[in-house]
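Protein sequence lines correspond, in order, to chains D and H. For the first sequence, the numbering used here assigns the number 89 to the initial residue and increments by one for each residue that follows. For the second sequence, the numbering used here assigns the number 89 to the initial residue and increments by one for each residue that follows.
Just so you know, these hints were derived from the structure itself, not from any lab. Among the clues, some could well be false.
Copies of the same chain look alike in the list, so a pair counts if it works inside one copy or between any two.
Stated by the list, open to error - Here are the simulated lysine to any residue pairs, SDA-like style, with alpha carbons at most 25 Å apart: (1) LYS264 with ASP101; (2) LYS571 with GLU123; (3) LYS286 with PRO313; (4) LYS286 with ARG312; (5) LYS286 with GLN466; (6) LYS264 with GLU462; (7) LYS286 with ASP98; (8) LYS571 with PRO190; (9) LYS264 with GLU138; (10) LYS368 with ASP391.
2 protein chains.
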Amino acid sequence: MSDQLEHTTDQVDLESVLEAAASVAAGVARAVPSERAGWLRAIADELDGERDALVQLAQQETRLTQGRLVGELGRTTFQLRLTAHALEEGSWLEATIDHADPDWPTGPRPDLRRMLRGVGPVLVVAASNFPFAFSVAGGDTATALGAGCPVVLKAHPGHPQLSRRTAELVQHALRKAGAPEGVFALIEGESETQQALKDPRIKAGSFTGSVRGGRALFDIAASRPDPIPFYGELGSVNPAFVLPSAIERRRAEVLEGFVGSFTLGAGQFCTKPGVLFVPKTDGLLDELRELVSAVAPAPMLNDRMVSGLQDRLEQMRRQWTVVRDAEADDAGLPPALFATSGSAAMEDLDSLFEEAFGAAAVVVEYDDPAELVEIASQLPGQLTATVQAEEDDGIAPALLDVLSDHAGRILWNGWPTGVSVTWAMQHGGPWPATTASLHTSVGPTALRRFLQPVAFQNLPAAMLPAAVRDDNPLRIWQRVDGKLTSPEEVG
Amino acid sequence: MSDQLEHTTDQVDLESVLEAAASVAAGVARAVPSERAGWLRAIADELDGERDALVQLAQQETRLTQGRLVGELGRTTFQLRLTAHALEEGSWLEATIDHADPDWPTGPRPDLRRMLRGVGPVLVVAASNFPFAFSVAGGDTATALGAGCPVVLKAHPGHPQLSRRTAELVQHALRKAGAPEGVFALIEGESETQQALKDPRIKAGSFTGSVRGGRALFDIAASRPDPIPFYGELGSVNPAFVLPSAIERRRAEVLEGFVGSFTLGAGQFCTKPGVLFVPKTDGLLDELRELVSAVAPAPMLNDRMVSGLQDRLEQMRRQWTVVRDAEADDAGLPPALFATSGSAAMEDLDSLFEEAFGAAAVVVEYDDPAELVEIASQLPGQLTATVQAEEDDGIAPALLDVLSDHAGRILWNGWPTGVSVTWAMQHGGPWPATTASLHTSVGPTALRRFLQPVAFQNLPAAMLPAAVRDDNPLRIWQRVDGKLTSPEEVG
C-alpha cells in the first residue's frame, strides 16, 4: 500500500480546490454556528449509515481489527457531534461587549465588541494510524469546519480508497445539509501538499505524524512571505514513572498495565508509553519478559511502518539490553522490550526519548527515585507523562510538578493509550510533542486553533454580527462590560 | 540618542539573567493568580509614585510632550491593574473539570481536569514609540508576568535611561511584593536579543516594531531546534474608507478627523491612518491641504525615525501627487499628504499599503465606491480598518464584511489612533499586522499568548492545582462536566 506510488491530485484540480475554498471562506466563517453544527451532524449521520462498508474498506487497507475500527468510527462521529454541541453552546466565540463608557479610566471608551472568527481555508494533513479519527473526517476536520474554515484534506497514502470514500460521504452530507460547494475537498500527493501549504489562500495547517515530516511542513508554513499557524502533532515517548510504593503494593498490576498499554494496537498510538522507569528490583525484568512473550504479534498498518520499526529496533539492540526481542512471523513483529540502568540512561537521554513507532519500549531501572526528578526536568515535550505511585509516596508531588511543565497530560495510576474525547482533554504538549504547545488537537477547545479575533468599534447595531449583539440572538455566553454572562441572564 | 552606539548586556550578565528566569519559572507559574496580581499592582503603584521623575526622563529621551507622557504612564499603570483584576476573575485559566463517567459514549471517561499555565520565560522586546505602554512595564510585561512567566525585557535603545530606571522600579516593586529574584530583568543589545531568543530557556517572544525587525526575530524563533511562539506587532497602514454619504453629509468633520488622526503625535502610532479613500470631489484636496498646513511640525522620537520617514517621503513624492509637503524646520518635519486616483492606486497596491512611520498619508480619490470592495479584498493584514458612512449607505455592509477578514479592529465613523484598554479591544491582525493573527497585544485576553494547557488524569484531590479542585478555592469560573459554572454556584 504505502509502497505503491502515491496518487497525486493534478494541477488543474488542485487550483480549483484552492480557489473554491477561498471563494466560500467568508460565507462559511459567517454562517451562524448552529448551521455549521448541522453540517457536522450530517457528516456523522452519513458515516454512521455507512459503518459496515467503511470498516470493511479500512480493514483492507490498514490491517487494523474490525473491533478497533468500529470503535474508532464511533469515536469519530462522536467528536463531530461533540464539536457541533460546543458550537451551539457558543463560549468558544469569546463574544465580548464593552458598551461605550465616557468615564473609563484611560479616557472615554467607545462601544467595542470582540469575537472570534474562522481564519480561512485550512490544509489538514491526515494521519496513518487513525484512519477515521485523525483522518478525512477526523478531529482536525471537525474543528476546522466547525470554526468556520473550509478544509482542504490531504489524504494519507496508507488508506487511499477509504480516504476517497470518506471524502465522498463528507461531501454528500455537506451538500444535503446545505453547505456551499467547495467547503471540503480531498487532495493527494506529497508535493501537492507542500504546494497547497505555500499557497496564500491557505491560512492554517494541521498535521499528525512524525517529527521529521511535521517539522518539514512547519518550516514551510513559517517561512511563507505571510507565515501561517501550523499545528503538528508529532512524536512522543510518553514516559511512565513507577515509584517504589507502586511496585511494593501493586507490582503485578503495574507490570501488566504497562505491557498491555505499550503493545496495544501494535504500539501504533501517539500515546504509547515507550519508556518505563522502575526501581531496580530482583526478578522484575524476568516478569516483564514473560508478560511480553505472552502478547501475540500483531500486524502493523503497512510495510513502511514495519521497516521503520525494524530500523529503530536495530538501534535499540545496540544501545540497550534485550529483555524480549523475537523474530517476526506471518502475524507480524512481536513486541520488543529493552532495559538499561538509570545512570546509563542519563548519559544519553536523547536516544532514550526518541520515539519508536510500534510495540517497542525501554525499561529504565533506577537506584534512587530522586534521580527521576532530575530526568524529568530534562524531558523533551510529551503528549503525556504518567506517574504510578501510592498517595503517600514522598517523591510523587515533586515529580508531578516537574512533569506538568513537560507534558500536555499527566496521568496518575493509569496508562496513556486511552484519549477520551471530552472538554478537559489535552492532546498536545511542548515541542517536539507538537509544533504549537498552546493548543490541543482533541476536544472542543481544539476549535481555538482555527479562530482569530476581530473587534468592532461603534458599529450600528444592525451591522453587527449576531454573536455580539445586545439582544444575543444566538443565545450564547457573552462577556458584557467585563462580566461573563450566561444566555439565561439576557431578557 | 539612537545614533549613539547601543549599550549591550555582557555575556556573564546575560547568562545569569537567563538562568535566573529559568530557575524561578516553575514557581512563578504555580503562584496563585492573586499573588501575581499583587505583583502587578505593586509595579503600578511604584510607577505612579515616581510619575514626575519618569515623565521628565521620558521627555529628555523621546521628544514626546509631557501631556502625552503623563497620559501614557496612566494607561500603563491602568493596564497593569486591569490585568491584575483579570487574573483574579480567573476565566483566563480555562479551568475545566470532567468527572469520571463510566457511561461516556466513547468508553468510560477518567477524571480529567484541564487548565492553562505559563509557558516559561518570555523575551519581551520593547517598542520605541510608547516608552511606557509598550516598553519596560508595558502590556507584554504585564500579561507575561500575569500569565506566570518570568520576563527578560530587551530595552529599546531610543530611551535607555528611562528603560533602566523603569526596570529598577519594577524590580523594587516585585521584591517588596515578595516575587522571587530573577522574575524580571532588563537586557540591552541587538545581538544579545538574538542570543536570548535562541536560548532554550526562553519559551516565547514578543515584539512591537517594524516589519523587517519583527520578521527577523520571528524567523529566529521559528527556526530554533525547538520552535517557540513569537508575537510580533508589526506594520499597518490602517486604511480609512470614506463613502459618498459621509462626504455629502459630514464633509468637514471627516476631513478634520482624518488630519487630526494621521498627524497626532507626529504620526508615530501603530494605528495611524496612512491611507484615506475618498470619492473624487471638487476642492477636497484643497481643503485637505489647508487643514494639513495648519498642523504645526512636531519632533519625532529620534533621528533614526526622522531619516526613515525622509526616505519613505522620497518614494512617496516620486509615486504620488503632492498635496502638502513642506521643508523641515527646527520644530521637526511638517505633516505630508499625497494623492492618487483609485485606478492608479490599484496598479500598485503594495506601495500603497506600505507603512510610512510618521505624519505622512496618501489620499486615494475613487470614482466608484464599488471599487472599494475589490481593493479591500486585496488588503494585507491590518491592525485597523475604518469606514466613514451614513447607515443607509448601500455599499457599507459589503465593505465592512470584507474588511473584517483583513483587520483586527473595524471602526465605524471614528479614527483608529485611540486604542482603549478593555476586554473587547483587539490590537492585532493578519500578517503583516502581526506574526500571530490569533492573538491581541492589548487587553486582558493578551494573557492567552503566554499560556499552554495541561490536563491531569485521575490525580488525587490533594495533588491537584487549586484552579481545578472541586471545592474551587480560587473562586474562579470553571467548566464542570461541560457546563460553565460561576464561582457563586459552588458551595
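Report the numbers of all earlier hints that the structure fails to satisfy, in ascending order.
The structure conflicts with hints 6, 10, although it agrees with all the remaining ones.
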